[in-house]
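Number of protein chains: 2
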Amino acid sequence: MRNYVIKGNICYSRTRKELCIVENGYVVCRDGKSAGVYELLPESYEAFPCYNYENKIVIPGLVDLHVHAPQYPFRGLGMDQELIDWLNTHTFVEEAKYADLDYAGRAYDIFAEDLRNSATTRACVFGTIHADATLLLMEKLENAGITAYVGKVNMDRNSPKCLCEESAERSAGDTQRWLHDSRNFKHVMPILTPRFTPSCTDELLEKLSELQKRYHLPVQSHLSENLGEIAWVKELCPGTEFYGESYDRYGLFGNSCPAVMAHCVHSGEAEMDLMKRRGVFVAHCPESNANLVSGAAPVKLYLERGIRAGLGTDIAAGSSLSIFKAMAAAVQCSKLRWRLYDQSVAPLTVEEVFYLATKGGGEFFGKAGSFEEGYEFDAVVMDDSSIRSPRELRVRERLERLIYLAEDRHIAAKFIGGREIFRER
Amino acid sequence: MRNYVIKGNICYSRTRKELCIVENGYVVCRDGKSAGVYELLPESYEAFPCYNYENKIVIPGLVDLHVHAPQYPFRGLGMDQELIDWLNTHTFVEEAKYADLDYAGRAYDIFAEDLRNSATTRACVFGTIHADATLLLMEKLENAGITAYVGKVNMDRNSPKCLCEESAERSAGDTQRWLHDSRNFKHVMPILTPRFTPSCTDELLEKLSELQKRYHLPVQSHLSENLGEIAWVKELCPGTEFYGESYDRYGLFGNSCPAVMAHCVHSGEAEMDLMKRRGVFVAHCPESNANLVSGAAPVKLYLERGIRAGLGTDIAAGSSLSIFKAMAAAVQCSKLRWRLYDQSVAPLTVEEVFYLATKGGGEFFGKAGSFEEGYEFDAVVMDDSSIRSPRELRVRERLERLIYLAEDRHIAAKFIGGREIFRER
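The listed protein sequences derive, respectively, from chains A and B.
Going by this note's numbering, the first sequence runs without a break in its numbering and finishes at 425.
Going by this note's numbering, the second sequence runs without a break in its numbering and finishes at 1425.
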C-alpha cells in the first residue's frame, strides 16, 4: 500500500535555514514518494486512506551517514583511547569475529532490529572485510525494511593478520564476488568501502577505482579524523598535499559517483575546496569525535561553504544509534568548539542540525530527507506525550525538545520509501 | 522494613580511582545503612530477607548536586543564548509562574514523579522565590521518597519585577517563615539559596548570613559559570578579588556549614584555593555548560587538588534529569576541553565520573553515595538485559556501557536510606 495520507504536525527542512512546520496538516504518499504537504487536504487525495496522527509530530526519516554495524556489540565500551590505539585494541579484535557467520548472524540480528526500532530510515553502513558476513548483514537490513548502502570493507595493510586481506588482488576479487552476490536486494545497495588510507595499499585503491568505474558505485571512507592519523597518511602517501588526495588520485573522492567521508575534523582549506568541487558528503559524527578525543569538526563552516553534509552515529566510537542524540551532540560540540577553540565558526542552530539529520544526509540517497514533492516518502511519527510539561508548547518547541530528549519509545510509526515499517506499536 | 540483603553484581567507589566490583555478591541494609558488601553472605545476615537481583547491576543511588525544579517544564528548549540572556528570555519568565500555586502543583507533580523514576536518590534542588510553591515542591519530593535539600530562592536585584523580592528584609522574612514551615519533612531539608551574586544585594546576603548562623543551614548557589557573569560580579562587588569572595565575605562559602556551588567553569587559582580550604563542593554540570556555551570546567584538576565535587543536571540549562547522561557528558566535555583548549588537564576516566556521580556528590549529604559500611543505604538496581550484545560482557564493561546508554526503563529497583522507592516494576 503505497498511497496514503498522514495527518499530524508536519515538520521538514527546505534548506538549512528554513524549517517548515504545518500544524494539523497533511503529507501525502503517492507511489512511495511525497506528493506534498498541505494545510487542507486536496480533493484529489481524499480517497487515499488517512493515518490520523493528530497532535503528534511527523518528520522525515533520519539519515545515518556513517555507522559500523560489526562494532555494535561493544557500543558504549572502551572509550579510553584515541583512534589508532582504539582500532587495534577494541575494534579490530571485534571485527575479526565476523569470519564466523554464526557470530555475525547473532550480532547483525541485534543491529538490524535496533536500527528498525530507531528513527533512522536510511544509513551508510560499514561491514567487515568478510564478504559472506556482509551479505548476511545486507539480508538482515533488507528484512528489517531499512534502505541502506552497505559496504564490504577493504584493508590489505597495517592491520592485524586476522583482519588483513592477503593481497590487493584477493581483496578486489572478494569485492567483485560480493558485488555480484548483492545484486538482488531491493532496498539495500552495495557501496565501495576502503576502510581508510592507512589500511589500503595504492594497488588496492587502484583496483577499487576500476570496480568503481565499471559498476558506477558510490564510495564511503574516513577522512581527517585524528591528528596522528593525518600525519601517518602524509608519511604513507608521499606526493599528496592533504589526506583527501589519497582517495582523489584514484577517483574515489566523488569524482564520478557520490562519496561520503566520515569525520573531516581537521580538514584544511585545500581539502575543503576539493570536497566542495567534488560534491563529497561529510558524515559529521560529533559524539565519536568527542569520545575518541579527535576534536570537533567545523561543520557550520562546511554548510556555509556549500559543502554537503549530514550526521553519522559512528557506532561504536559513538555509543548510540540515535540520530536525535547525534543532533544534540552536534549542537553541543559546535558550542564548545566556539567557546574553547575558534570564535570564527558560529555554533549550529536547531534548524541546521535538523537539516543535517534529514535532508542534508538524505541527499546522498538522491531525493530523500524532506517532504517536498517528489522526495522519497520516509516518515517518522513522534509521540512526545510522555515528555510532560504543564506548559502548552508550540510544535517548533516540541521538535526542539525531541532533539534533546527523544528515545526510541517515542516513535509511534515509521515509513521508508512509502513502505510501512511499523505503526501504532 | 529497613533490614534486608540485595544480591547482585555490586559496584561502588571507594575513591575516585578505586571502583570496587563484587560479582554475584551481597550488600546488606541494616537500619537504613549499609552493613557492607560481601562475596559470601555472613551468617549473621542470613535471616534478613534477600532480594535476588542475580545478574543485574547494583550501584549506589546517583546524586544530583544542582537542579532547578521550576525549570523542568522547558527542559530541552531555548538553548540558543548564553547565561544572562537565557535567564531573562526563558528562565525568569517560567519561574514567575510559580506565584500561581495551581501551576506550581502541576509542574512539581511531574518533576517529582520523573525524579522518582530516575536513578537519582539525593538532590540539591532550587525552587523559586515563592515560599508557598517551594513548600509544595518539598511536600511532593517527600511523598516521592527522594532525599533532598530544597531551597527557596532569594533575589532582590537585577531581576524582572515579577521575580524580584521587594526588599532584602522581605526576602529574609519570607525565608525565615519558609524555614519554620519546612521543619516537619523527614527526608527533605531546607538549604539557603541566594540565586547568584548578581541578583542579591549585599544587604540580602548579610541577612542570609545571619539565618545561616542561627539555623546552621547549608548553602547552594552559582559560581563562575560564564565570562560575562564573572565580569558583572566584578563590577557589582568592588573590593573582591574573585567571584567566590562575594559569598565568602558573608560566610556563605562553606565557612561553617557545607556549601555547594554550581559550575565553577572559570575559577582561577585564588578561587580554587579558597574552595579547597572551605571544603566547598563543586556541582559540575557539563551538559549545561555546553548548552549555554559557558565552557568546560576543569573538574579533573579539582579532583587532583582535593576539591570536593559531584555532578549536576542543571535542569533546564541541562536537558535531562539523568545523572547517567551527566556522567557521559562529563567525560566527553573533559576530552574536548583537553583536545581544544588545555592539554595540562587530562580527560576524566570512567572510574572518576562514577565516583563524582555517587560518592563525590553524596558526601554533601554526609555518608552517602557508597556501599562502604555505615553509608546511607541508597541503591539502584540496573537491568541492562535489553541492551543486547552477542558478546559476554564483564560487569565492569556493563557498568561503563550504562554510563553511555542507560535510560530510566533500565532501572529495576530503587532504595533510599533503606526505604524501598520501587521494586520490580
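These are calculated hints, taken from the structure and not from any lab test.
Please note: incorrect hints may appear among the correct ones.
Listed next, with one range per pair, are the computed distances between beta-carbon atoms [what the hints assert, rightly or not]:
no.	chain 1	residue 1	chain 2	residue 2	range
1	B	Tyr1341	A	Glu304	20 to 30 Å
2	A	Asp85	B	Lys1276	45 to 55 Å
3	A	Ala99	B	Thr1089	15 to 25 Å
4	B	Glu1304	A	Asp85	51 to 61 Å
5	A	Asp85	B	Glu1269	30 to 40 Å
6	B	Phe1422	A	Lys367	41 to 51 Å
7	A	Lys234	B	Cys1020	26 to 36 Å
8	B	Cys1257	A	Lys234	51 to 61 Å
9	B	Gly1105	A	Ser386	53 to 63 Å
10	B	Asp1273	A	Arg106	37 to 47 Å
11	B	Gly1105	A	Ser385	16 to 26 Å
12	B	Gly1306	A	Ala99	45 to 55 Å
Glycine included, each C-beta is placed from N, C-alpha and C at the ideal position.
Here is how each hint holds up against the structure:
no. : hint                             : result
1   : Tyr1341/B / Glu304/A: 20 to 30 Å : holds, 24 Å
2   : Asp85/A / Lys1276/B: 45 to 55 Å  : violated, 34 Å
3   : Ala99/A / Thr1089/B: 15 to 25 Å  : violated, 57 Å
4   : Glu1304/B / Asp85/A: 51 to 61 Å  : violated, 24 Å
5   : Asp85/A / Glu1269/B: 30 to 40 Å  : holds, 34 Å
6   : Phe1422/B / Lys367/A: 41 to 51 Å : holds, 48 Å
7   : Lys234/A / Cys1020/B: 26 to 36 Å : violated, 45 Å
8   : Cys1257/B / Lys234/A: 51 to 61 Å : holds, 58 Å
9   : Gly1105/B / Ser386/A: 53 to 63 Å : violated, 20 Å
10  : Asp1273/B / Arg106/A: 37 to 47 Å : violated, 55 Å
11  : Gly1105/B / Ser385/A: 16 to 26 Å : holds, 20 Å
12  : Gly1306/B / Ala99/A: 45 to 55 Å  : holds, 50 Å
When each numbered hint is compared with the structure, violations occur for hints 2, 3, 4, 7, 9, 10.
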